[in-house]
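Peer 1: This is what each chain is made of:
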Amino acid sequence: MSDLKNPISPANSQPAADADPDGRIAEVVSQFLDLQARGETPEIGPFCRHYPDIEIPLRNILETCLKIDQAFEEETSSISFPETDEDERLFHSNPFPGYKLLRRLGAGGMGRVYLAEDERLRRPVAIKVLLPAFAANPSLRGRFLEEARALAKLNHPAIASIFSLGETTETPYFVMEYVEGLPLNETARALPLQQKLHLFYQVLEGIAFLHDHHLVHRDLKPANILVNPQLAPKILDFGLAKPLDDSLRRLTQPGQVMGTLDYFSPEQARAETVDPSSDIFSLGVILYELLTGRLPFAHSDFQRQIESLAHEDPEWPRRINPDLPRGIQDICLKALEKNPSARYRIARDMAEDLARFLSGEFVLAMPSVYSRHLSGKIERHMRELESWNQEEIITRTELNSFRRRYDRLIDREDAWIMEMRQLTVSQVTLYLGGWLMTIGAVLLVLFNFQQLNRHVAVLTVAAASGLVLGLGLQQWHKNQRRMGIAFLLTFTLLFFIGLLVAFNEYQWLSYWTQGRRDLEFLLSQLDFEKTTNVQLWWALLALLPVCYALRRYTKASVFSLELTFMSLLLAGATLLRMGMLDWISKDQGRPFLYMIPVAVVYFAAGYILERLTLASDSRYLYGHAVFVMYMALSGIALFHEPYAQWLKAVFPWTRGQVEYLFIVNAVIYWGLQFLCDHAASIQLLAVAKAFRFVIAGHILIPLWGLGITATERWNKHAALTALKFEARLFEVLLPLAAALFIYYSIARQMKNYLASGMIFLAVGVIRLEEDWLKGHAALPIALIISGLLLMLIVASRASLLKLFLKYRRR
Amino acid sequence: MTTATESLEVVERAKRGDQEAFFWLYRKHQSRLAVFIRYQMSETLRRRYEIDDVLQELFLRAFRDLPRFEYQSAGSFLRWLFQIARNTLHDLARFEDRQKQQAEHEAPLHMASSQYDVAPAYSQTPSRILFQRERVSQLLKDLDALAEADREIILLAKVEGLTIDEMGQRLGKSKAQISLSLHRALKRLRSANEAQI
Chain A
1 MSDLKNPISP ANSQPAADAD PDGRIAEVVS QFLDLQARGE TPEIGPFCRH
51 YPDIEIPLRN ILETCLKIDQ AFEEETSSIS FPETDEDERL FHSNPFPGYK
101 LLRRLGAGGM GRVYLAEDER LRRPVAIKVL LPAFAANPSL RGRFLEEARA
151 LAKLNHPAIA SIFSLGETTE TPYFVMEYVE GLPLNETARA LPLQQKLHLF
201 YQVLEGIAFL HDHHLVHRDL KPANILVNPQ LAPKILDFGL AKPLDDSLRR
251 LTQPGQVMGT LDYFSPEQAR AETVDPSSDI FSLGVILYEL LTGRLPFAHS
301 DFQRQIESLA HEDPEWPRRI NPDLPRGIQD ICLKALEKNP SARYRIARDM
351 AEDLARFLSG EFVLAMPSVY SRHLSGKIER HMRELESWNQ EEIITRTELN
401 SFRRRYDRLI DREDAWIMEM RQLTVSQVTL YLGGWLMTIG AVLLVLFNFQ
451 QLNRHVAVLT VAAASGLVLG LGLQQWHKNQ RRMGIAFLLT FTLLFFIGLL
501 VAFNEYQWLS YWTQGRRDLE FLLSQLDFEK TTNVQLWWAL LALLPVCYAL
551 RRYTKASVFS LELTFMSLLL AGATLLRMGM LDWISKDQGR PFLYMIPVAV
601 VYFAAGYILE RLTLASDSRY LYGHAVFVMY MALSGIALFH EPYAQWLKAV
651 FPWTRGQVEY LFIVNAVIYW GLQFLCDHAA SIQLLAVAKA FRFVIAGHIL
701 IPLWGLGITA TERWNKHAAL TALKFEARLF EVLLPLAAAL FIYYSIARQM
751 KNYLASGMIF LAVGVIRLEE DWLKGHAALP IALIISGLLL MLIVASRASL
801 LKLFLKYRRR
Chain B
1001 MTTATESLEV VERAKRGDQE AFFWLYRKHQ SRLAVFIRYQ MSETLRRRYE
1051 IDDVLQELFL RAFRDLPRFE YQSAGSFLRW LFQIARNTLH DLARFEDRQK
1101 QQAEHEAPLH MASSQYDVAP AYSQTPSRIL FQRERVSQLL KDLDALAEAD
1151 REIILLAKVE GLTIDEMGQR LGKSKAQISL SLHRALKRLR SANEAQI
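In the order they appear, the protein sequences are chains A and B. Read in the numbering used here, the first sequence has 24 at position 24, and its numbers run on one by one without any break. Converting from the second sequence to the numbering used here requires adding 1000 to each position, the first position being numbered 1.
Be a bit skeptical, because a hint or two may be false.
Said to hold, decoys possible - Residues from chain B shown here face chain A by an in silico Cβ test under 8 Å; the list is partial:
| id | residue |
| --- | --- |
| 1 | Ser1031 |
| 2 | Arg1032 |
| 3 | Met1041 |
| 4 | Leu1045 |
| 5 | Arg1135 |
| 6 | Val1136 |
| 7 | Lys1141 |
| 8 | Gly1161 |
| 9 | Leu1162 |
| 10 | Ser1179 |
| 11 | Leu1182 |
| 12 | Arg1190 |
As the list claims (entries may be wrong) - Calculated from the model, a selection of chain B residues having no Cβ within reach of chain A, i.e. all distances over 10 Å:
| id | residue |
| --- | --- |
| 13 | Arg1046 |
| 14 | Phe1069 |
| 15 | Trp1080 |
| 16 | Arg1094 |
| 17 | Glu1148 |
| 18 | Glu1152 |
Hints are computed from structural coordinates only; laboratory data are not their basis. All values reported here derive from a predicted model rather than from experimental measurement. Ideal placement from N, C-alpha and C gives every residue a C-beta, glycine not left out.
Could you put the whole structure together from the sequences, leaning on the hints where they help?
Peer 2: This is the structure:
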């Protein structure tokens, strides 16, 4: 205010202004306004009296200015700073008996926190008060008290504890531990990674404790986690931020949404109801900040931030800090999943995974972001590949093989071990464990143990399978899908074997086939001591719905595989019950004939599933169908007498030789692959390829065999020219057929045709040299020359082409 | 106007995360901002947005940027708020231009924040209620009667609370010129006021 005494400093006065009264008034008005702008409050009356020559016009102008100010002040003066008054009043009246208020520590959405001293114990405490405006609402008031009581039950080193709860005439309050320390992110900034993670682990333990008591923090952020100089974190401000009903949510929302948006989960930002997984997201953001020093969804623009929070994947921590181990990135990204159910369910799960990481084990987190990231890129690449295929840069076969490989790359989280892209120690160990249990249980089925009580045997397997089922379901619920699959798969095997053990030990279901050795395959053929076919049949039948239920529940295709395989066994057992052994003794080939309908059923089932867009399930059915088809056709050719008789009757020159039957099979396979090839399905294309694969072997090997037998026959009866002709025919046919396959390999891109063609070409040539061309040096020379010619033709194709064209023109 | 010490203390409290301190600060300056926005909004903007829309966006931005605000002197908080107000209006105008270019006039546009249903706590006192206050409505009438240039310089001095130096820099004129134009503008405001009465 010293300026008032000498309002116009000499430096500022301009002589010209004196001549012009307007200019002078303007100058003084400016002085006055500048004083105001600097935050001072000069009064008009005394100020104007310093300028007697222009006092009246000056006062007029300044009063006009004052009016403007007053217009705004009318509005602002009505707004007092209620907190200050409230604080003042509180400090004055000191309504908390036994505590002396010292100062205010902060204010949250619904409450305020003061520092106070416990007068008896002489220690600092924090007192949290519900804002009087909220205290008037009975439900909020009740909630405040309820939360305080819930917190009071919690006794955890990482959670600030509550000392007492009280109520003033206006509002409830509670007294809690006063925590001195810095926010988590500030403390952690200078620490090495290991220490940061240990700190974070303690926080996780605290939140896990909270979640165990069915409480959700809802407002986790570094500012709410203070770390003392001993590096022990304390979590503050629980569950008080969120009012119950919507009208109140609106009231507090600006503060809530604005203040801590950086650590909010997407569902929180949408103001949806939150559960522990929302805390997990906030913890993920905090971990991300600890790891990278950045916030995952920070944006200068508020709207962009909300969008980014809802839709964008965070930059991977390792891309910001390449020194970070992959495991910790996995944990962080799993916590930051957009879909709450894909995150850790509760903080305990996250703490366990972090503990695994800290002890150098493999973490279980499998963030979906990798496969999502890959699938985005893959989709683009697949489109490119398809266009390359259209432009004939790559072949259809290559395109399909890329597709299959890429499908592999997008590793499903619930994939079982054979479908996994990477084998990890934990996974292999898990499956080894499951397998050992299975083998152990199988031993109980296979052998008699005199010293083992039968109840004990049954109970052991039952307990093991029950335990494995329970653990499997638990892991599945915890989103540890891979682990869950391993356990559930083991369960199905143990369940099946357990049934067999029980059937054996208690002699259930054995009477059906008692004395009917002809219906028993296991007892008669294999040296199995106990299990009858009927027992096996019923155990298999009981297993199928279990597999089906698990497939429905987990949607994991491995249970379809099991279902398919077990139903195949069931089909086998059914055939046995129908007396297959009897047929075999009469006609060895007959059972194979019955396999054909089984294969057809599998094909049909696979096709239906594929139509239902369950490609991964249909794949297994097709696989089994192809396998059964091979078995059936080969078995029929080898053992089914009527087949050979039929061939002999229709084509007597074949003499019913089995090799011809295989060639017929090759023709059948060719027909099947032709059919499959023309079905518009990727799965069936693979099936077609599987059928195609065996055709070369089915033709070349029989030709070779036929050649050998024909030569032998002719050697026995050297005089018969018909035999000689036949033998020679096969000697020529084999290399010719081999050459055909060599060239056919181009059309179908079948490398095995090329390889087997080459081999059998050599075999054929050797056989020719052995017999027909015996002693003729012409063959090797001719081969060498023709080989060289072939290579030269290819090398000089252009000139040959020219000659050819010239010839055509003439 | 408030004293420097009070502002500093409250600003510091707001920066520390005391939401109530921020609300209070904001509410204190809200009427100045409302008047400022009223005159700074272009015709197109005014057709699209309520003053309260702009105020709300301004509020959100201020709250977000608060940690970056540095207290330098008395009134720097107010100046900071006005800077945000300018940016907000500028961004909105640019947004409008883009919309116009895309010829998507039919679609009713909402403010960035309003679609998330985040309403600042002051929404019980929208600018309309403010402008209905006798003194404010009188001031607005007087200002409306002025020429554009006069109004602008008065807004700078009395609503934004700039010093003469700052106004000189803003308008690219000398201190003497500014003083004189301001004086004349105030004189005309006074006569406009007297004429109305």
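Peer 1: Next, verify each hint and record whether it holds.
Peer 2: Evaluation of the provided hints:
1. Ser1031: Holds - the Cβ of Ser1031(B) comes within 8 Å of chain A, reaching about 4 Å at its closest.
2. Arg1032: Nearest chain A Cβ about 5 Å off; hint holds.
3. Met1041: 19 Å, violated
4. Leu1045: 18 Å, violated
5. Arg1135: Holds, because the Cβ-Cβ distance from Arg1135(B) to chain A comes to roughly 4 Å (cut-off 8 Å).
6. Val1136: 5 Å, holds
7. Lys1141: At 11 Å from the nearest chain A Cβ, Lys1141(B) fails the 8 Å test, so the hint is violated.
8. Gly1161: Since the shortest Cβ distance to chain A is 5 Å, the answer is holds.
9. Leu1162: 6 Å, holds
10. Ser1179: Holds: closest Cβ of chain A sits about 4 Å from Ser1179(B), inside 8 Å.
11. Leu1182: Holds. Min distance 7 Å.
12. Arg1190: 4 Å, holds
13. Arg1046: 21 Å, holds
14. Phe1069: About 14 Å separates Phe1069(B) from the closest Cβ of chain A, which puts it past 10 Å; holds.
15. Trp1080: 14 Å, holds
16. Arg1094: 13 Å, holds
17. Glu1148: 18 Å, holds
18. Glu1152: 14 Å, holds
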